[in-house]
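Sequences and hints are given; from them, build the entire structure.
Protein chains: 4
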Amino acid sequence: MKVDAITTEPPKWGVKYEDIDVDENLPIKLKPVYTGICGTDRGIVSGSLPFAYAPHGRQKLILGHECLAKVIEAEDNDLGIKTGDYVVPIVRRPGKCVNCLIGRSDNCSDGDKHEAGITGLNGFMRSEFQDYPQNLVKVEDPDIASIAVLTEPLKNVKKAFEMFDTVSKKSVFTDANGAYDEKRAIIIGTGSEAFLYGLASRDYGFQTYMTNRHPETESKLRMIERPNITFYDYTKDTSVEKNGFDLAVDTSGDPATIFRFIRKMNNNGIVILFGTNGRAPASTFDGSDIDYIIERNITILGSVDGSRIHYERALQDLTRWNYQYGDLISNMITSRVKPDNTDIFLHKQPGEIKTVIGWS
Amino acid sequence: MKVDAITTEPPKWGVKYEDIDVDENLPIKLKPVYTGICGTDRGIVSGSLPFAYAPHGRQKLILGHECLAKVIEAEDNDLGIKTGDYVVPIVRRPGKCVNCLIGRSDNCSDGDKHEAGITGLNGFMRSEFQDYPQNLVKVEDPDIASIAVLTEPLKNVKKAFEMFDTVSKKSVFTDANGAYDEKRAIIIGTGSEAFLYGLASRDYGFQTYMTNRHPETESKLRMIERPNITFYDYTKDTSVEKNGFDLAVDTSGDPATIFRFIRKMNNNGIVILFGTNGRAPASTFDGSDIDYIIERNITILGSVDGSRIHYERALQDLTRWNYQYGDLISNMITSRVKPDNTDIFLHKQPGEIKTVIGWS
Amino acid sequence: MKVDAITTEPPKWGVKYEDIDVDENLPIKLKPVYTGICGTDRGIVSGSLPFAYAPHGRQKLILGHECLAKVIEAEDNDLGIKTGDYVVPIVRRPGKCVNCLIGRSDNCSDGDKHEAGITGLNGFMRSEFQDYPQNLVKVEDPDIASIAVLTEPLKNVKKAFEMFDTVSKKSVFTDANGAYDEKRAIIIGTGSEAFLYGLASRDYGFQTYMTNRHPETESKLRMIERPNITFYDYTKDTSVEKNGFDLAVDTSGDPATIFRFIRKMNNNGIVILFGTNGRAPASTFDGSDIDYIIERNITILGSVDGSRIHYERALQDLTRWNYQYGDLISNMITSRVKPDNTDIFLHKQPGEIKTVIGWS
Amino acid sequence: MKVDAITTEPPKWGVKYEDIDVDENLPIKLKPVYTGICGTDRGIVSGSLPFAYAPHGRQKLILGHECLAKVIEAEDNDLGIKTGDYVVPIVRRPGKCVNCLIGRSDNCSDGDKHEAGITGLNGFMRSEFQDYPQNLVKVEDPDIASIAVLTEPLKNVKKAFEMFDTVSKKSVFTDANGAYDEKRAIIIGTGSEAFLYGLASRDYGFQTYMTNRHPETESKLRMIERPNITFYDYTKDTSVEKNGFDLAVDTSGDPATIFRFIRKMNNNGIVILFGTNGRAPASTFDGSDIDYIIERNITILGSVDGSRIHYERALQDLTRWNYQYGDLISNMITSRVKPDNTDIFLHKQPGEIKTVIGWS
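Taken in order, these protein sequences are the chains called C, H, X and V. What the first sequence shows, in the working numbering, is residues 40 to 399, in sequence order. What the second sequence shows, in the working numbering, is residues 40 to 399, in sequence order. What the third sequence shows, in the working numbering, is residues 40 to 399, in sequence order. What the fourth sequence shows, in the working numbering, is residues 40 to 399, in sequence order.
Derived from the structure by calculation, the hints contain no laboratory data. Honestly, I wouldn't trust all of these hints.
It does not matter which identical chain is meant; a pair holds if it fits inside one copy or across any two.
[Claimed, not checked] Dumping the calculated DSS-like pairs for lysine-lysine here, alpha-carbon to alpha-carbon at most 27 Å:
no. : residue 1 : residue 2
1   : K303      : K135
2   : K135      : K281
3   : K281      : K121
4   : K135      : K208
5   : K275      : K303
6   : K70       : K387
7   : K377      : K109
8   : K41       : K121
9   : K281      : K259
10  : K55       : K377
11  : K177      : K70
12  : K109      : K55
13  : K259      : K303
Since we're looking at a predicted model, the values are computed, not measured.
Quick look at the structure:
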């Protein structure tokens, strides 16, 4: 079939909106409603992510892994996906390792998996696509159709916190009331993933801080404060750091920043590494940094991707947050553009939290 | 009471064997049989471990945390500790945090604990000491009296593997047979803790490697090979690294080495940081190192100390290994010296794995 | 102080609305808004719950453990509880066991705890009460003030599912997609706790069934079907049982019913026992029932109470459900009565799901 | 190939020692050294275990699932199984469910697995058999060749305690020292599995009791007391029950006994159901029994079988126990008979703990 698609030729620089032939014959036919763009898309387009590659035998890769789509035709299926349903397609598709075999390709043991729009599989930035029902997660709440494109970034957060739940059992992590109210979380960064981590951290009950190495605009500060998160510019006033942190989530991918905050962790602290920035400058660490981690039983946790369960739970959070925080979530989508505006892949929009492409 | 003791005055350089007054009046009276010395003792003596300090109101700290002792007098007690028993005293004593309150001072949340011979509490390198029964772990197997001084270093290993057991549940870590036989562990270093980690790794079933940046002597190689561990000098032939590692244990405390091996980890790999070396030179790491950790869901786990349960399980392992591996364990004790030979705190002995002081 | 209160004299039959002197001098003063009544209250009043007892030195016990209250005066406190706040008071108060010490009196090891309105502590069915801030959980969402009285019953559900999360890790419990969509849950009973378990089960993604030994009214069926739960009368058509169940929650407390459903469990099935009915008739089970449990690795899990963390998460669920399911949750409160209507303790109201007492 | 084998024709009564044709062509050829017999074998022979069946298309089933074998010919294999090795063959062979796919057929989700000598697969009671290397677990310690036939029954214990490790995390189960020394375990029964559970319980550190409804012989009492286990006849003196139990393991399969001991459990207690007795008489339980389980957060855990990891760990225990407890373990094998003595399937031997058949 012929589709209008946003394409690139990894590992080369460049992005095009063009019509292209794709060869798909799968039981569910879909049209994207919104597709979001993130650092990974920009990294592929700029040729800086060497792991990206086109489908086998092809040169072009259709971009797009953050997506809300509408079903336009559906063969009968056990999962009850029907014409007219809004769905979020799952990005990663399983290989044959022990984790993939039990539906947890996010924990793939051998790298033998594919990611739509990234590694060996066409993405969702196109006028139409087809898929299997098991790769689609239904959006039950009609009121979140305009924000459900955030499901895919949020599923990463849900997986990371699932890891946290397991790992934090290695000692008593909770406070003397068996809860998180007296525990302190720091989210490093103020982009869309940082926001979603911050909201999830507040749901746990953590006293939650967001930080960056520059001040934030008034409007962003208001958004941050809505769920009782406190922002501080760590290059200025670090007084909030004096009680340390129990959980840190890094979305910067910057080694110097990460090690700065590791040294702020309390005993049994957990550091989630999430943000990647392959071009971040080198930083140094020494024996006393290693000591610090050991003497305090600190854990550092790399976390990537998420599986069906995390998409499902992300959708539940979006429903609640949409209600609880008013327009906070929809305000995270700072611009909605047309597919032919490929300029957004090359330049971050001013004040951008999340830019999405509308396909209707 | 007056005791002959090995003392130091932290944070100053120096060590003395002298008689000294101590003020103890506790229900169990003990005499050390053997006390082991390790890098921590040498670090305190050299003035390079700033966290060491003498008991409140004192200038002198009696050294010694690795110990096998014999009970010479015992008040009646619930734990059934009796005159004549061999026991291993527990190093760390609880504070008031949620972890200490449940008997897990190894996971102390706020640092409000003491360590015999290290932080604020006199150690076991003296002609006599007194203690509470709950701080003593009985050695049931009379045949391991000569090696039970290794219980304390081994309890660290048991705690680290307990952490591993919890953390490795975050995905399927085991192989396709539900076991560890096809999983690969690397132990970085060839000292006494490295040996104990290596033996524990073999008990799990891991294909186990030990490595260092220099070749090993014939006699040490024979010891390493006894439990089917493979040694390689990673500055020479790295062919065994081509399949990566699933578990790494660092006993070097050296940042450059640690990051070298993090880059050898397979997906879902777990890196245990155990060895500390506050004077290790700084090393650099960059954004691609962070990427590596994230994309593979790698976990880095600082692990310190252990609690009663780990001493108990360490004793069980010593019993089995003593039987299973013949003189391998007793050969780990490479020299036994008298208490007045304080020179051993200043100079590593040639061919040393573990040096112990005999007190009888 | 003098309060108007609903009292009983355990273990005697009887209930009164009367003014009574209580001796409290705690930092937060509160007025109940709503208090719910449940089977435990009725059991105490009927003299059939031998574990109930009045505060030390008293004959009368003020009833009431399900409560939404408003703060009328508050000393300054770390938890930020302020005058005007809506709060839910925690029922169980810790003793000195290892679980109580870490804020988990719901898992009390030795029974040395108290429960407001049940065991040794006055409850919340009175015109005014006082408490410590750490026993109060703030209701952040003003829109749920009219349903937040359901927090206490729902916290039991959150604790039971926390247990489920831990226990279900003993094997792969999830389906081939790593989620619960193909897993089947049965909720035995159709009362208020059954409803809350059903909603939580749907949040997990379970295909969820509710059952009873009689048909349900049209209006209740509509409520059950709203979150896609299927009701069946197990004395009539059992066709939905042919694929077995993976999770069962019993709210009946009836042995014969429980064992009937244990025999419907699939391999690795988990049965949560929650409902108690001390007067339920005896039933028989034989060796083949035991075989059934063993050969399928089935787990049976008694679950009682919940702690602060479960109250907090219950409030989040109420916020989402209130939005997601419209008036379903508020319709669970089938009657709101005055405090002097003590008749409700003696007779279940027609069509009752939850009866609450309004205090303003 | 033609083999001398012990056969039965399930579901019919009967057992024969005869020569029989089997059709196997697998890479490893083996001869049994010892095969053990247990209640399951006797149940099959007596026709009382309806789940037993012969291999597809056959009428006869070769019995035998407890086995120590010697490799007589081996194709090259990754697991390093070589001619002359002693090995224990794994009983259960995986199907295609999520648990079987990750090597944990002991947790098979759908029953689509086979068990040698029991369900659809010929067992090991024959002069020769063939197998795949992944079904064989190597015995590294030559000194346990005469007792390694106990590996298979012991692997059940290791799996049950693995379950215990997971499930007991739902609250703080350990004592105030973070260990099991003040926790109390009761093993119901005094047969071979009861012994193995008792030894494992002692390894955890539990104060361990064994019980039965009759007194034991002097020689058996001496065996029980060797690892500091206390026996009592619960029909006589129950004074040891006054502090309750934290762990119970039932090997009787008898409902009345099981419920008797459930009522002795402390809060957070865990009851492992292991023994099956399909013909055990029915017993009654009532609402107050259910209450008891719920109010104390008690868990009842059916546990069957074990996987490779449990065979491996069983072998380690046998090595240690053999050394630690002298002839205790070898004395558990109370008689060694010839294959033609099929009478042992019909009559329990006097004083029997474990009867084995020698094949050489």
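How the hints compare with the structure:
1. Taking identical chains as interchangeable, the C-alpha atoms of K303 and K135 lie at most 27 Å apart only when they sit on different chains, with a minimum of 22 Å there against 40 Å within one chain.
2. For the homomeric pair K135 and K281, the shortest alpha-carbon distance between copies (21 Å) is at most 27 Å, but the shortest distance inside one copy (47 Å) is not.
3. For the identical chains of this complex, K281 and K121 are inter-copy neighbours only, at 26 Å across copies versus 54 Å inside a copy, given an alpha-carbon limit of 27 Å.
4. In the homo-oligomer, the alpha carbons of K135 and K208 lie at most 27 Å apart only across protomers (19 Å), although the nearest pairing inside one protomer, at 29 Å, exceeds that limit.
5. Taking CA atoms no more than 27 Å apart as the test, K275 paired with K303 passes inside one copy only; the shortest distance there is 16 Å, against 38 Å between copies.
6. Taking the closest pair of Cα atoms, K70 and K387 come within 27 Å of each other only inside a single copy of the chain (26 Å); across copies the shortest separation is 53 Å, beyond that limit.
7. In the homo-oligomer, the alpha carbons of K377 and K109 lie at most 27 Å apart inside one protomer (17 Å), although the nearest pairing across protomers, at 50 Å, exceeds that limit.
8. Proximity of K41 to K121 under the C-alpha cut-off of 27 Å is restricted to the intra-copy arrangement: shortest distance 23 Å within a copy versus 59 Å between copies.
9. For the identical chains of this complex, K281 and K259 are intra-copy neighbours only, at 25 Å inside a copy versus 48 Å across copies, given an alpha-carbon limit of 27 Å.
10. Taking identical chains as interchangeable, the C-alpha atoms of K55 and K377 lie at most 27 Å apart only when both belong to the same chain, with a minimum of 13 Å there against 69 Å between chains.
11. Taking identical chains as interchangeable, the C-alpha atoms of K177 and K70 lie at most 27 Å apart only when both belong to the same chain, with a minimum of 14 Å there against 44 Å between chains.
12. In this homomeric assembly, K109 and K55 come within 27 Å of each other (Cα to Cα) only inside a single copy, at 24 Å, whereas the closest approach across copies is 60 Å.
13. Within a single copy, K259 and K303 get their C-alpha atoms as close as 25 Å, which meets the 27 Å cut-off; across copies the closest is 41 Å, which misses it.
No hint from the list above goes unmet by this structure.
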